[in-house]
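Protein sequences, first through last, are from chains A and B.
Under this note's numbering, the first sequence has 313 at position 313, and the numbering climbs by one with no breaks.
Under this note's numbering, the second sequence has 151 at position 151, and the numbering climbs by one with no breaks.
Be aware that a few hints might be false.
Looking from chain B toward chain A, a few residues come up when the C-beta cut is under 8 Å (computed) [unchecked claim]:
hint, residue
1, 47
2, 73
3, 77
4, 80
5, 130
6, 154
7, 218
8, 219
For the record, the hints were derived by calculation from the structure and aren't laboratory data.
Every residue, glycine too, gets a C-beta built ideally from N, C-alpha and C.
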Amino acid sequence: MAKELWKGNEAIAEAAIRAGCDCFFGYPITPQSEVPEYMSVHLPKAGGVFVQSESEIAAINMVYGAGGAGMRAMTSSSSPGISLKQEGITYLAGAEVPAVIVNCMRGGPGLGTIQPGQGDYFQATRGGGNGDYRTVVLAPANVQEAVDFVQDAFDIADEYRNPVMVVMDGLIGQMMEPIEWKPYTRRACAEKPWAASGKFGRGHTNIINSLYIDPEACDVHNQHLSRKFALMEQREVRYERVGCEDAELIITAYGTPARIALSAMEVLRGQGVKVGLFRPITLWPFPEKPLHELAGQDHVKHILDIELSSTGQMLDDIRLAVEGQKPISYLGHAGGVMPTVEEMVEAACSALKKEVK
Amino acid sequence: MLCPHRLTIITGHYGTGKTEFAVNLALHMASRGQTVSLADLDIVNPYFRSRERRDLLSEHGIRLIASSQACTDADVPSLPAELNAILDDRQLTGILDIGGDRVGARVLARYRPRILREDYQLLYVLNANRPEVRDVSSAISYLRAIESVTGLVCFGIVNNTHLCSETTADDVHKGAALAQAVSQETGIPVVCHVAHEALAPELTDLSPLFPITIRMKKPWE
């Protein structure tokens, strides 16, 4: 099919509609407002329901209700709005309700800035809500991936009955890129016999609930959930490696910084510096084993992590995966300031104690 | 001469490439010795605005008029007071870069009486690779919506059909056919065909051609 030019946020909304999204509940916030804007026009035409909620908290709880009734439900927001949704996300996980949550990340903390950021890594991968739960977190680096991952997210959510997040820095939501619409086919398990969608002669009542007041029952429920999370860790890990076969330096980055890193790699390779990129695509489950094995290779001398974050957040997972086998450096900015190709080249050379050409 | 009027107002659907065209047009006019002011009146998009090219424009003697940084990054749709300078000073050549769709074009309504007193042209930028304006009827409906919120009449169509770095001559030709069809239906002339200068040798059949270089780059470009 011929490629079309789409804005990231609009493409995400269209991708969700094509993946059979029944309901969208959201509230505007820059830089994700085109998602609800597009949904408000196009989802009702496709037979779905769009509600602009009174708040982000209301939106995620509408997702809880619609998802509990077996609908494919979605919400999107940007960083501060996603903070507000955390209570709803832990309830979804506790009650085993599938949902898709898109975070078009901006700079923080607090209101921060409307420019792109990646400071919500901890929030997404550690669970910003209470209790022992995990969400699969997909991190696209371009508009095509954003489209594909949003569609995958609905399937993963249904398969495990768990919320799934798609997180991307604001740039990916705001930029225009050519994409191709591939035919979408649902993963199996479209049936939802657990859904509270009416009894229709069934012998028992389906109840959507995250309250397990009996300690032992709550422990059993948690054990059940943890087995599910272990299964996701086994099956859902995604990552990309570019030029790692002979690399002395491995750059770890996701989203926009990973794309800038590819340009930096071209410059560095041109100077004879052997650099590779390891790009986690699922931030949870993190590709721990492949990175551990790569870091253990003799040709790898150093790891350089790059994020749109002042402190480094994925950096913790890099350290856990590398397990001290090789030294790790960090380069990052916050507030929407992008690390430049030049900065990356300099950081790479400094990590390898080579002179910058 | 591509845009002989004192004021050129650039409108169109989201992502059709208005800003890239506006910045290139300003540089083109400045290179012909005109005193150019470019007003970034995009109150819709938070990123990829012509104000990001302030240094480049100023190097070429082009004055950029945009809301203060404080207002834009606070997400406040404020309009710059300096816009009056473009409307008042008839020695200036002014380019007004407007945000997407009728929503973005609404900013013009307030200036309508003053614009009508000037020698102006409102251009409609068209990209046949944008799904919402890819056929004649949808392209015209966006055009009419922009006219109706601004109270201004469209003077010309700019074929700016592209696919970012993947653009081929076929894309530009496809856009030319769409622009021509829209022109036939509406009676509005096609003012020019925009294409990256590298494609110009393959587009000698399109006239006038406005070759550009990409100024609105992404951080990895």
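Status of each hint after checking the structure:
no., hint, result
1, 47, "holds, 4 Å"
2, 73, "holds, 6 Å"
3, 77, "violated, 11 Å"
4, 80, "violated, 19 Å"
5, 130, "holds, 5 Å"
6, 154, "violated, 22 Å"
7, 218, "holds, 6 Å"
8, 219, "holds, 4 Å"
Checked against the numbered hints given earlier, this structure breaks hints 3, 4, 6; the rest are met.
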